[in-house]
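Let chain B serve as the given structure and place chain G on it in line with the hints.
These protein sequences, in sequence, are chains B and G. Letter 182 of the first sequence, counting from 1, is numbered 181 in numbering that gives the first Met the number 0, and no numbers are missing. Letter 274 of the second sequence, counting from 1, is numbered 273 in numbering that gives the first Met the number 0, and no numbers are missing.
Some hints could be false.
Coverage of chain G stretches by chain B, computed from C-beta distances (three or more under 8 Å per stretch; other residues unrestricted) [to be verified]:
hint : region
1    : 19-31
2    : 98-112
3    : 164-171
4    : 248-259
5    : 312-322
Computed list of lysine to any residue pairs in SDA-like fashion (alpha-carbon distance at most 20 Å, straight line) [said to hold, decoys possible]:
hint : chain 1 : residue 1 : chain 2 : residue 2
6    : G       : LYS207    : B       : LEU383
7    : B       : LYS115    : B       : LEU73
8    : G       : LYS211    : B       : GLY375
9    : G       : LYS211    : B       : GLU371
10   : G       : LYS211    : B       : ARG370
11   : B       : LYS24     : G       : ARG323
So these bits of chain G aren't anywhere near chain B, every CB distance computed over 12 Å [stated by the list, open to error]:
hint : residue
12   : ARG11
13   : ALA35
14   : GLU36
15   : GLY38
16   : GLU46
17   : GLN88
18   : MET141
19   : PRO143
20   : ALA227
21   : MET228
22   : LEU243
If you're looking for bench data, these hints aren't it; they were derived computationally from the structure. Note that the structure is predicted; figures quoted are calculated from it, not measured. In this text, a Cβ means the ideal position worked out from N, Cα and C, and glycines have one as well.
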Amino acid sequence: MSALLDSLRIADLPPHAEAFRAEVKAFLAEHLPPLPPHVRARSWLAFDAEFSRRLAQRGWVGVTLPRRYGGAELDAFSRFVLVEELLAVGAPVGAHWIADRQSGPLILTFGSEAQKAHYLPRICRGEIFFGIGMSEPNAGSDLAAVGSRAERTENGWRLNGRKLWTTNGHECDYAIALVRTSGSAADRHAGLSQFIVDLRLPGVTVRPIVDLTGDAHFAEMFFDDVQLAEDALIGEEGQGWQQVTAELAFERSGPERIYSSIVLLDAWLAWLRAGGDAERHLETLGRFASQLATLRQMSIAVTARLAASESPVVEAALVKDIGTEFEQAIPAAVEAALGADPAQPVDDELLRTAAFVSHMAPTYSLRGGTREILRGMIARGLGLR
Amino acid sequence: MFADAIATLLSRHCTPAVVRAIEAGASPRPLAAAIAEAGFHELLAPEAQGGAAAPWDEFFDVVRLCGARAVPLPLPQTLAARALVPPGQALPEGLLTFSPHLVRAADGALHAAHVPFARTADHVLGVLDDGIVLLPVAGARMQPSGVHRSLAASLQWPGAAAQVLAGADAALLGPLGALLHAGLLAGALERVFELTMAHANDRVQFGKPIGKFQAVQHQLAVMAEQVAMARTAAQRGFGRGHTLPSWAACAVAKARTSEAAQTIASIAHAVHGAMGITEEHDLQLHTRRLHEWRIAHGSESYWHRELGRRFLDSPLPLAADFARSLC
Numbered sequence: 000m001s002a003l004l005d006s007l008r009i010a011d012l013p014p015h016a017e018a019f020r021a022e023v024k025a026f027l028a029e030h031l032p033p034l035p036p037h038v039r040a041r042s043w044l045a046f047d048a049e050f051s052r053r054l055a056q057r058g059w060v061g062v063t064l065p066r067r068y069g070g071a072e073l074d075a076f077s078r079f080v081l082v083e084e085l086l087a088v089g090a091p092v093g094a095h096w097i098a099d100r101q102s103g104p105l106i107l108t109f110g111s112e113a114q115k116a117h118y119l120p121r122i123c124r125g126e127i128f129f130g131i132g133m134s135e136p137n138a139g140s141d142l143a144a145v146g147s148r149a150e151r152t153e154n155g156w157r158l159n160g161r162k163l164w165t166t167n168g169h170e171c172d173y174a175i176a177l178v179r180t181s182g183s184a185a186d187r188h189a190g191l192s193q194f195i196v197d198l199r200l201p202g203v204t205v206r207p208i209v210d211l212t213g214d215a216h217f218a219e220m221f222f223d224d225v226q227l228a229e230d231a232l233i234g235e236e237g238q239g240w241q242q243v244t245a246e247l248a249f250e251r252s253g254p255e256r257i258y259s260s261i262v263l264l265d266a267w268l269a270w271l272r273a274g275g276d277a278e279r280h281l282e283t284l285g286r287f288a289s290q291l292a293t294l295r296q297m298s299i300a301v302t303a304r305l306a307a308s309e310s311p312v313v314e315a316a317l318v319k320d321i322g323t324e325f326e327q328a329i330p331a332a333v334e335a336a337l338g339a340d341p342a343q344p345v346d347d348e349l350l351r352t353a354a355f356v357s358h359m360a361p362t363y364s365l366r367g368g369t370r371e372i373l374r375g376m377i378a379r380g381l382g383l384r
Numbered sequence: 000m001f002a003d004a005i006a007t008l009l010s011r012h013c014t015p016a017v018v019r020a021i022e023a024g025a026s027p028r029p030l031a032a033a034i035a036e037a038g039f040h041e042l043l044a045p046e047a048q049g050g051a052a053a054p055w056d057e058f059f060d061v062v063r064l065c066g067a068r069a070v071p072l073p074l075p076q077t078l079a080a081r082a083l084v085p086p087g088q089a090l091p092e093g094l095l096t097f098s099p100h101l102v103r104a105a106d107g108a109l110h111a112a113h114v115p116f117a118r119t120a121d122h123v124l125g126v127l128d129d130g131i132v133l134l135p136v137a138g139a140r141m142q143p144s145g146v147h148r149s150l151a152a153s154l155q156w157p158g159a160a161a162q163v164l165a166g167a168d169a170a171l172l173g174p175l176g177a178l179l180h181a182g183l184l185a186g187a188l189e190r191v192f193e194l195t196m197a198h199a200n201d202r203v204q205f206g207k208p209i210g211k212f213q214a215v216q217h218q219l220a221v222m223a224e225q226v227a228m229a230r231t232a233a234q235r236g237f238g239r240g241h242t243l244p245s246w247a248a249c250a251v252a253k254a255r256t257s258e259a260a261q262t263i264a265s266i267a268h269a270v271h272g273a274m275g276i277t278e279e280h281d282l283q284l285h286t287r288r289l290h291e292w293r294i295a296h297g298s299e300s301y302w303h304r305e306l307g308r309r310f311l312d313s314p315l316p317l318a319a320d321f322a323r324s325l326c
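If we strip away everything but chain B, and leave its shape as in the complex, we get (with noise of 0.2 Å):
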């Protein structure tokens, strides 16, 4: 059997993970907004600075961070489980959930002394949120072909461009932005850099992107000769591609990739349940908690992979495609049940949830790498390529 195969060995949530998992239900129970299904059915794209604080004060924002710089400093197994609930329930986690899940370990492993002690701490308190600074207009799935650049100045750096695609970037204070520092894009991996770019300097202009549901998850932000201080830099100059390939490891694990539907799947479900005709679509119910139960258990096969320190791109992108086509399964019987009989009207909460996830539906399989991208890393990953 392949050894890609043979390295999503099977694995157990440790009981202290469990155990955790009953105070993070009492915390939603006390302090998740008293939100509709179609609002919280936008959940980790939702950005809800006052949620994210609440979160913060309870310690967990920043939680795989050391305690030395006011993480909680729980492991990875701990994290799935704080993720899992939160997104099951469709928590507005979105302010906090790039600096948690990537800008942070990303700061944390390649970050000087000064850069951790600067930001992770306003981190961990929900004070500061990131974005991502990957995809531009020429540079989408050719991430390496990147054309903003920055260029050494007397004190700094002098950075111009654009990046695009940047969740929530219009409410972000940073964003970590992939940038060429020497050569051009014909060099591809070489001479790449990544930057923390403050989005209040002056050059920097952030302008939202409404999408066809009507929100603006989405920025896109200019950079017109904006002067960064020298400390602007994250990790080392040109190893740029090395450490966006750690962050989109980060970025690809996490059970996000199974949960972007399950919002809808509960209202469906609650629907059924208060007499819609069940009995019609019971064989697709017992689909989706088949796949679901199995789904989680991979994801936790990344995730104890995560927690012996190891970094499983392959794995991740094969949990990630296989996940995100569950996570588009759902809107698509669900649109089909909600019109199986013209006689039997829906309400009209459960089919505004239901058109935005549809609506929303084909980004899963955009975002953090595309279906022929993560496929390609896969038939690579079997010694294909």
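Chain G only, in chain B's frame:
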């Protein structure tokens, strides 16, 4: 460790040629005897009864191996029967299989439709009047389904043949039969994936191995995902330690492996081209089983429906909570 020992034995005694011969009607006795003499039937039996008291995670590896090698005997069922019946309840020597469905006709005769491995089993366990009964294959009228080379067959006995096994959990026989097939499927799915990978690396068209083409690579990536998911569900279904698997774990395992069987068989044959459907190529030994085992003891349609009913009736407030309760 048990799996390694059985693997060694199977490489000698259960070659693809032996599988083909038994399917074609040769006696399964020599292969069955080699396995029985090595003492493997008592793998799950308690130590007090001369068994090895192997944990279920090791049993999973054995069942997976039986699936990967297309072992034409009901070895998983024979082993699992030792865990299903209460200690002290003697089971006959020889190979046992499980009947997915057993009914008594108006004239008192017992009918078991499409019993997996009926052609190579010595005895059948089935559920009758809420109890587990033991029936000898020798006393049955056997009717093959007519599916080419299938080892399954329908069996019929006069009513008096049934011996009741007191104290065994009758409700678990069906789910356990399904779980064993999930384990067999997990092994067969992996084997089919291996064969397909090997073919994609060997077969040259347009001047390079077809595995170098992106369209084929993406198909193989999908296979890898499906195999990984099926194996996870099956492995989780068997669990670990010495506890009998739960109904829910069996249901998830059979549903996931059965649904994957269709996808994997389809991609495997697409990648193999026409070569894959020949009798000569080993692929057919495994893909015929994928289709048969998908149906045996309930396809994904059955288990999804059963799971769906429990999901609907569950008092748990969240889908995530229900999914977590399953395994």
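| query | What are the numbers of the hints that this structure violates, sorted from low to high? | reply | 1, 2, 3, 20, 21
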